[in-house]
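Novice: As they're listed, the protein sequences go chains A and B.
Per our numbering, the very first residue in the first sequence carries number 5; after that it's consecutive.
Per our numbering, the very first residue in the second sequence carries number 27; after that it's consecutive.
Please note that a few of the clues may not be correct.
Pairwise CB distance ranges (calculated) [to be verified]:
hint, chain 1, residue 1, chain 2, residue 2, range
1, B, P388, A, L22, 23 to 29 Å
2, A, A61, B, L102, 33 to 39 Å
3, A, L127, B, Q359, 41 to 47 Å
Calculated from the structure, these hints are not laboratory results.
C-beta: ideal position from N, C-alpha, C; glycine also.
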Amino acid sequence: MEDAILKFVKFDLQIIALSWLALAYLFKIYQILRLPRPREVAPLKGSQELGVVYSYASLFLPWSMESTRRHLWRWIEFAIYHLGAGAAILATFTIPFAPSMMTRDISLAMAILVAGAFVMGILKLWRRTMSPDLRLVSIPDDYFSLAGVEIFFLFTVMALVTGLPGWMKAYFITTAAFLFYVPFSKISHYVQWFFARAFFGLRFGRRGIITPRRAMS
Amino acid sequence: MTEENNIIQKAEEELKKRYTRNMAVASSNLCVHCGMCIDQCHYHMATQDPKVSPVAKAEHVRRVMKKEHDWLRRILPWWVGAGELTEEGLDRWVDAAFRDCTLCQRCIVNCPMGVDTPLVMATARGVLNAVGKSPEILRELADAAISREENMEFFKEFYLEQIKSMEEELQSKVGDPKACIPVDVKGAQILYVPLSGAHTIMPEAEIFYHAGTSWTMSMFEASNYGVFLQDPVRAKRITERIVKEAERLEVEEVVVTECGHAYATSRWEAPKWFDRPWKFKVRSILEVMDEYIRLGRVRLDPSRNNGISVTYHDSCNLGRNGGLFKEPRRILQTCVKDLREMTPNRRQSICCGGGGGLVALPDYDEVRLKAGEPKARQIHATGAETVVASCDNCRHQLGQLNERYKLNVNVMGLAELMANAIVPQKKDGISSASA
Numbered sequence: 005m006e007d008a009i010l011k012f013v014k015f016d017l018q019i020i021a022l023s024w025l026a027l028a029y030l031f032k033i034y035q036i037l038r039l040p041r042p043r044e045v046a047p048l049k050g051s052q053e054l055g056v057v058y059s060y061a062s063l064f065l066p067w068s069m070e071s072t073r074r075h076l077w078r079w080i081e082f083a084i085y086h087l088g089a090g091a092a093i094l095a096t097f098t099i100p101f102a103p104s105m106m107t108r109d110i111s112l113a114m115a116i117l118v119a120g121a122f123v124m125g126i127l128k129l130w131r132r133t134m135s136p137d138l139r140l141v142s143i144p145d146d147y148f149s150l151a152g153v154e155i156f157f158l159f160t161v162m163a164l165v166t167g168l169p170g171w172m173k174a175y176f177i178t179t180a181a182f183l184f185y186v187p188f189s190k191i192s193h194y195v196q197w198f199f200a201r202a203f204f205g206l207r208f209g210r211r212g213i214i215t216p217r218r219a220m221s
Numbered sequence: 027m028t029e030e031n032n033i034i035q036k037a038e039e040e041l042k043k044r045y046t047r048n049m050a051v052a053s054s055n056l057c058v059h060c061g062m063c064i065d066q067c068h069y070h071m072a073t074q075d076p077k078v079s080p081v082a083k084a085e086h087v088r089r090v091m092k093k094e095h096d097w098l099r100r101i102l103p104w105w106v107g108a109g110e111l112t113e114e115g116l117d118r119w120v121d122a123a124f125r126d127c128t129l130c131q132r133c134i135v136n137c138p139m140g141v142d143t144p145l146v147m148a149t150a151r152g153v154l155n156a157v158g159k160s161p162e163i164l165r166e167l168a169d170a171a172i173s174r175e176e177n178m179e180f181f182k183e184f185y186l187e188q189i190k191s192m193e194e195e196l197q198s199k200v201g202d203p204k205a206c207i208p209v210d211v212k213g214a215q216i217l218y219v220p221l222s223g224a225h226t227i228m229p230e231a232e233i234f235y236h237a238g239t240s241w242t243m244s245m246f247e248a249s250n251y252g253v254f255l256q257d258p259v260r261a262k263r264i265t266e267r268i269v270k271e272a273e274r275l276e277v278e279e280v281v282v283t284e285c286g287h288a289y290a291t292s293r294w295e296a297p298k299w300f301d302r303p304w305k306f307k308v309r310s311i312l313e314v315m316d317e318y319i320r321l322g323r324v325r326l327d328p329s330r331n332n333g334i335s336v337t338y339h340d341s342c343n344l345g346r347n348g349g350l351f352k353e354p355r356r357i358l359q360t361c362v363k364d365l366r367e368m369t370p371n372r373r374q375s376i377c378c379g380g381g382g383g384l385v386a387l388p389d390y391d392e393v394r395l396k397a398g399e400p401k402a403r404q405i406h407a408t409g410a411e412t413v414v415a416s417c418d419n420c421r422h423q424l425g426q427l428n429e430r431y432k433l434n435v436n437v438m439g440l441a442e443l444m445a446n447a448i449v450p451q452k453k454d455g456i457s458s459a460s461a
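Generate the whole structure from the sequences, applying the supplied hints.
Specialist: Quick look at the structure:
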């Protein structure tokens, strides 16, 4: 029999936190959309649509940017970190709502992904602390968000590997705390990311700058 | 109210006016301070100074925007890096936006998030201009362009005299006494907009002559210093002179000379400033030259360029901001036998350091030439004898980089190179041969 606290943090608290996150994001999106957007009116040279598709796809094309070509390791680090984050977030849904899915093998596979992300997070923190370029621009939220996500990853791994109520409680309480904090932090960058990549694709696609190679030839 | 308060209030009002959807996204916590843009900026490449990285420069502006818009701005401003706008802060913006950034756009194409740092820096320029903190020389140059139209009668006679003497030079070069540089011709197909000086008139006039183009010269120069200031009133006023001229002459298209910012402005930005569609299209001279080659309107012989080895510098405004990558390369491939690409090139090309109006600002000469070092290294690595640039500001900068870094190269425009390679055709029994 599951104890009452675990039940609360696993279900009620998650639903409250998720509802808050959804509301906060809806408001964030509303705040962006109500602003005027300067439109390009000059005749097209390339394709806006292909530009937007390419812009979103560039996340998966490390060779498309000089920055990710030169720092391929940083891209790999980014990929592992975000895959791990995805797995950790997914587990917050599957553990309470689809427990039959969480077989030993799946739990272990997810734990390995999250552990990989944890290691990448350590590297990120180390770089932010050591690099003068990054130290200059870093704000408290940068360090706190990174460190906080590391704790979240750690509890995720422990909860997935052990399945013990204590680790489960720590995992779900951390998740909820994060869901409350995320809209105020840099972690919410992925909301603006959709807008930013669309703006980039529209402008650079329209001007024939990032149209895919085949369409440009 | 003190003068400082007045400036701050004006700056805040200007920032508010410029707070569009794109600016809201660019100045939010979309930037996660990952640092991927840092070594993509030519200033940072040249100096390794953390203060001139794109993210560091944008943070000056972003902290003020966060003070106004971030959700935690009131209770924990320091936590999210929000800060008040102060006059000292605005002085730091001057260095960041006018001295340490050419708005080359290399940071945005290399940002995994798509943070529009050039928009943030351009906004800073606009705000600084509104409070009178933009470089005076840029304001004077913009005003001089506007006053040219207002005092056209004064300029016209002198200008026509200059054109007349260039026309004689053209006639002797092509061997045709009927060759002309037309001015104010109603119904011409092309209104060609040059820069000040014969170097953006003579090669093009020769190309137009050999291609049999119906064209007329603009009374105005293409450059628009209002754009460097991010001053919408001045920028529109400068463009408006050419729009009115094109409509009065009923031309089919306006063709902009080899000038990066003038092309990007006329082709892409300026149409937004007018509340009506234009009756003409806008092209770069590069697109026209490329078309002449593809349609066989001019014959070219690359051996006429004496077997020189050439490398092409992608001007940021023509390429990364204007979309002209293929055209100059197709032209070069027919004009020279030895074309060597710099690495990286096209969308990833490194700025020469002369953009954003910097070549007109002598106070920043040292910084500008230092920032051009990565480009100098790129040129040197190609081993080419000639660097071709289709932007006058870039050519000016490359010429100075040539001296500073002892590159021992020749800096040329593309029209000049193409004019050299033209094989003269007989016209009405008269040879148009120049040699």
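Novice: All hints, please: hold or fail.
Specialist: We went through each hint and held it up to the structure:
For the pair P388(B) and L22(A), the beta carbons lie near 59 Å from each other, so the given range of 23 to 29 Å is not met. Against the hinted window of 33 to 39 Å, the Cβ-Cβ separation of A61(A) and L102(B) comes to about 37 Å, which satisfies the hint. Taking 41 to 47 Å as the suggested C-beta distance range, the pair L127(A) and Q359(B) conforms, at roughly 45 Å.
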